[in-house]
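**Student:** Just so you know, the protein sequences line up as chains B and Z, in that order.
Read the first sequence against this note's numbering and you will find it ends at 994, with the numbers running on by one and no gaps.
Read the second sequence against this note's numbering and you will find it ends at 249, with the numbers running on by one and no gaps.
Note that these hints are calculated values from the structure, not bench results.
Check before you lean on any hint, since a few could be wrong.
[What the hints assert, rightly or not] Calculated cross-link-like contacts (lysine to any residue; reagent style SDA-like; alpha-carbon spacing at most 25 Å):
1. Z:K60 - B:Q741
2. Z:K60 - Z:F229
3. B:K693 - Z:L147
4. B:K363 - B:V214
5. B:K267 - Z:L147
6. Z:K75 - B:R719
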Amino acid sequence: MSAGSHRVRAGGRIDRTEPRAFSLDGRRLAGYRGDTLASALLAAGVSVVGRSFKYHRPRGFVTAGVDEPNGLFTLGEGGRAEPNAQGTVVQLTDGLRAASQNAWPSVRFDLGAVNSWIAPVLQAGFYYKTFMGPTRRAWMFYERLIRRAAGLGAARPDPDPDRYDTRYLFTDVLVIGAGPAGLSAALAAGRSGARVLLIEQDGLLGGTLLSDPVTGQTEPWRARLEAELQSLPEVRILRHTTALGAYDGNTVILLTRRDHCAPDPGKGEALQILTSVRARAVIHSTGATERPLVFPDNDRPGVMMASAVRTYLNRYAVACGRHAVVLTNNDSAYTAAFDLAPQIDRVTVVDVRRAIHPALTAKAASLGVEVHAATAVTGVLGRTRVRGVTLTPIDGARSRPAACDLLCVSGGWSPVVHLSSHGGIRPRYQADSAAFVPGSYAPGHFGAGALTGRFSLGEAVQTGWRSGLQAEAECGFERASAGPPAVPEGAAPWDTANHRIEPVWALGGARAGKAFVDFQNDVTIRDLTIAHQEGYESVEHLKRFTTLGMGTDQGKTSNINALAIMAGLRGIELPEAGSTTFRPPFVPARLGALAGRHVGRHFRPVRRSPLHAWHLGHGAQMIEAGPWLRPWYYRWAGETVERAYLEEMRRVRAAVGLSDVSTLGKIDVQGPDAAEFLDRLYVNGFARLPVGKARYGVMLNDAGTILDDGTTTRLAETRYFMTTTTAGAGEVMSWLEFLVQTAWPELRVHVSSVTDEWAGIAVAGPQARAVLERALPGCDVSNEALPHMGCLEIEWDRMPVRLIRLSFSGELAYELYVPADYGTAFWEHLLSSGEPFGIRPYGLEALASLRIEKGHVAGAEVDPRLTLNDLGLGRMARPEKPFIGRELAARPLLDSPERPSLVGLECLESGQRLRGGAILFAASDELKGHGRGYVTSVTWSPTLGKFIALGFYAGGLRHAGEEIVCAFPLYGERVRARITSPVFLDPKGERLHA
Amino acid sequence: MLERRSALESSDPPTGGREARPLVIGEVRGFTLLQAAAFVGTVAALERAVRSALGVELPKRMDAPRHANGVCVFKTGPEAFLLVGPDDARPASTAQAGLESSSNPVPLFAEDTRLCKVGPEQVRPAGAQGSWMDALREAVPSAMGSLTPLSHGRTRLFLEGTPAREVLSTGIAMDLHPEVFRRDGCALTGLEETPVLLHRTGSQRYELYVLRTYAGWIWEWLTDAAQPFGYEVVEKTHVSLLAEADGRT
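Sequences are here, hints too, so could you generate the full structure?
**Tutor:** Structure (structure tokens):
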């Protein structure tokens with residue numbers, strides 16, 4: 001394998017002793033350490049690297065950086081495949097596998113290129129007009145075909161095996177971009193002792209200096225600054241790191257790529273790291289990118305940015321051609337011409353300007369570079385590779401062809417204003433550099449270097465140093481004593497003149513051939529003309545009609561040319577045309593990087609009961625209940641939930657069971673005014689609740705409808721123990737805090753969540769008391785000592801136990817609370833104590849079904865759209881005392897007897913079942929619309945031997961005994977049922993008072 | 001006596017990541033945690049009561065605790081405080097018995113506290129006899145404020161080693177630079193969508209008080225976040241190891 005026919009023998013920042021093997025579309029190639037994928041391909045003489053988006057025209061690399069529109073590849077395979085990776089920024093690693101995109105069967109011979117022949121109809125707006133126009137169906141049909149024909153790389157359905165990390169960093173000064181301005185700024189701030197974070201998207205520091213010859217005069221300067229920065233303890237440098245977006249509060253989001261490290265996710269090594277930085281001051285030294293010129297067939301492989309050609313030559317030791325034409329409207333491209341001249345056969349400069357700096361012409365002459373002033377390139381010969389160009393003098397004289405295999409283009413420089421514009425600050429047009437520069441800076445933000453529209457090295461160092469001092473002053477540091485580092489000698493003579501640009505936006509007029517403005521989205525001058533003819537005047541509309549600037553490169557090379565051309569069509573000045581809105585991310589970011597570690601089991605918080613480990617070890621099948629994992633059923637009772645919950649229910653009804661109720665919200669209410677607080681909170685009274693008693697309570701929200709329910713126990717005169725529903729715990733706690741802090745600050749009461757402090761265990765069934773007697777010897781749990789809704793606080797075996805007799809199942813039942821660390825041991829103690837009585841654990845499914853039999857409302861019925869009366873709990877309210885929601889609950893419509901209210905339902909058809917969510921109709925109703933009510937909870941009742949349900953029905957229990965229809969249209973089901981009391985079991989409560 | 005079990009009793013894995021294990025993580029057991037809160041206007045009274053009962057001042061700032069006599073006090077709200085002290089669920093006789101077998105008192109918190117390891121999961125202030133919780137209960141009547149035991153409701157994790165700060169910065173949006181978040185600094189903050197109290201107890205040592213029911217969730221996060229650096233889990237009873245670490249700083 002050769003490392004490239006186009007490789008220059010010496011020089012560059014590549015390490016020729018370390019070859020790197022890679023492949024493109026299966027073809028084995030080689031490069032060196034220090035190469036990018038692009039430089040290695042160019043070195044190998046690969047000119048066509050992709051097909052264009054719409055017309056499938058052959059395309060080659062245009063740039064050497066993040067602005068690359070054409071050279072996009074899919075890297076890797078399977079779940080690791082990354083589509084649309086820019087070859088110009090991908091570090092070459094050993095074994096890298098790249099695949100070209102948007103071409104079939106290959107980029108050299110692509111059937112899609114037929115689009116080029118029908119190009120006249122494929123202009124802007126074509127798809128919408130053709131396929132959306134006649135009928136919606138047409139689009140549904142064509143969309144799949146179009147999506148296949150036009151597009152970039154494809155996303156893969158496989159899970160991504162790589163790891164993505166996130167982190168938070170804080171710094172005094174954040175310097176974005178480590179070109180000469182950024183290095184200078186970081187040094188100015190760093191020498192004062194400020195914490196400096198310097199980020200650079202490249203793997204090396206230096207920015208444009210890296211494109212200078214390694215043996216040149218700027219290299220020692222660059223290396224010296226890098227060394228000093230690395231020696232400063234509070235300066236941190238992040239390479240391979242791009243700022244994706246700048247946000248309020250001096251927050252900047254960074255993305256660090258680590259592909260070149262070949263990270264192993266098995267060792268926790270991240271492929272990418274997303275960093276949120278908060279800085280006290282931000283220095284933007286993001287530099288500038290070179291822009292193309294627009295002329296017919298300016299997209300042919302071999303037409304490249306002049307600065308990119310120079311980068312490939314000096315940094316990667318790649319000569320992109322042997323015979324170069326350099327087309328320019330400014331001085332900067334001469335640097336490329338002069339660097340190329342000694343290395344390749346022939347260099348010709350074509351300059352659209354009439355007046356050229358004499359120093360340039362003199363130097364050109366000395367290097368044998370031919371210069372044509374006042375001349376333009378108006379056409380390109382060759383299809384898969386430039387073979388020549390058409391030269392046309394500006395004054396209209398006759399065109400003539402000129403042979404070449406490389407066309408270097410410079411249309412001037414565009415400062416990278418994206419980040420400084422993210423906060424909503426529009427960029428401002430600066431006429432003398434023919435460029436948009438930041439309109440202003442957010443407080444604490446400063447700009448330096450080429451971003452400010454001043455392109456010389458000297459100005460970069462000066463403005464960098466100045467912004468570094470401003471930033472450190474912003475952070476309150478003493479100024480560094482020494483001055484800025486001296487600018488390297490031998491700076492170019494055109495350095496100070498802003499490249500003497502003469503803006504030219506389009507060359508060649510209406511000649512044949514497509515003149516591309518946006519390479520990636522295949523937008524031509526003609527598309528812009530059509531947009532103008534269609535009446536699109538706003539740049540934002542133009543963008544959406546033509547799709548200009550909407551590719552993965554977000555128009556980095558195309559936006560300004562398009563603005564200028566549109567301004568020309570409208571006959572207005574460029575600044576009047578405005579600019580499009582810059583939004584994050586600056587470069588495409590993987591969704592994996594945004595998700596970070598919140599994938600798989602880290603997706604969202606999981607809450608576990610203190611008994612969690614026991615459940616797992618004893619055959620529990622767990623189920624998610626909000627953030628909690630709860631036992632759904634236990635395998636002792638059956639292998640499937642359908643069998644197990646019935647067996648568990650039977651055990652509770654016939655003997656005794658225990659279940660984990662630690663997930664209930666638990667709130668400690670303390671203080672001299674605790675009783676008053678609860679009286680205001682609940683619809684029913686708690687002030688006169690005796691110590692040692694529990695009471696069921698319902699609270700309304702301030703709209704007068706249901707908020708939550710639960711049991712609250714008075715432990716002492718000034719202390720209550722409140723329980724809430726599992727689902728409502730967070731909301732109730734926040735509501736209580738809100739009331740204490742803002743509504744009633746005069747009340748001396750504290751509310752504290754003790755959900756985490758106490759393990760809760762329910763023991764239910766006819767044998768429950770017998771179990772407790774055995775488990776807590778010496779503790780009197782007789783009906784007299786501990787009647788229904790009674791509470792005992794005891795210390796047992798030096799452990800506090802709260803013993804509350806209350807029932808959710810309708811059986812004789814107790815809730816026992818112990819400090820969470822003791823939960824498992826106490827649970828085991830209850831199990832062993834209850835062994836002679838056949839005690840077994842029961843899960844959530846049985847718990848929920850037991851309460852349906854008893855007619856207790858729960859999650860599905862505790863609905864904020866419902867009122868107390870709807871739940872049949874109206875008599876609980878004590879309207880003589882004020883409580884939250886009292887006034888609004890009295891609204892007439894909420895009191896209507898025709899509102900749906902709680903009923904029980906029993907299924908009348910054997911072999912049929914009731915379903916949650918079913919719609920209820922009277923027997924004579926047409927089954928249409930919303931019906932008269934709905935089913936909220938359903939279970940098979942082993943006690944009654946039929947399906948029973950709770951639901952809401954208009955008019956409620958006035959219809960008791962009626963036969964109605966439960967419809968479930970989704971399954972086409974209709975089932976007959978009878979309205980009954982919601983209390984199916986033990987309506988007199990003999991069991992629970994036993 | 002029933003066995004106390006940690007929320008992390010079944011948590012894995014013991015080690016992870018690279019060969020070198022510069023990070024030590026684990027759970028601190030054997031402490032008592034109590035929330036004390038005053039009502040509006042009774043903070044000064046509560047402060048006097050706590051000072052007389054425990055000899056410790058209530059902190060004025062939320063970013064640094066106060067400690068004395070083995071009790072560390074964090075301020076968690078305008079009138080609310082968390083007190084962390086030695087485990088005193090067991091009667092003094094047990095502790096005495098343990099104390100005799102321990103000849104190796106070691107500091108748990110900063111400079112002024114000496115604690116003794118008295119059993120696998122217990123520590124006591126050297127020489128202390130009675131229960132500091134009881135002393136506090138006597139000193140704070142219900143009209144002055146509320147006392148809420150939370151020892152079981154919080155799981156106390158620690159991480160120590162050179163990468164500790166970097167590991168935390170992958171989940172906590174706080175500036176942990178040693179000059180900003182100083183030694184013995186504390187903060188109520190958020191980690192993985194749950195509230196945590198972060199306490200920097202050594203130059204490279206941090207403790208996290210997390211909600212017990214989220215302890216497993218945070219433990220999974222911690223072991224995952226520490227994986228790129230390499231970590232080792234020490235057994236939950238290593239009070240002495242923590243103390244040695246503190247002694248270094």
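**Student:** Evaluate each hint against the coordinates.
**Tutor:** Hint-by-hint comparison with the structure:
no., hint, in the structure
1, Z:K60 - B:Q741, "holds (20 Å)"
2, Z:K60 - Z:F229, "violated (37 Å)"
3, B:K693 - Z:L147, "holds (22 Å)"
4, B:K363 - B:V214, "holds (21 Å)"
5, B:K267 - Z:L147, "violated (46 Å)"
6, Z:K75 - B:R719, "holds (23 Å)"
The structure does not agree with the numbered hints 2 and 5 stated previously, though it agrees with the rest.
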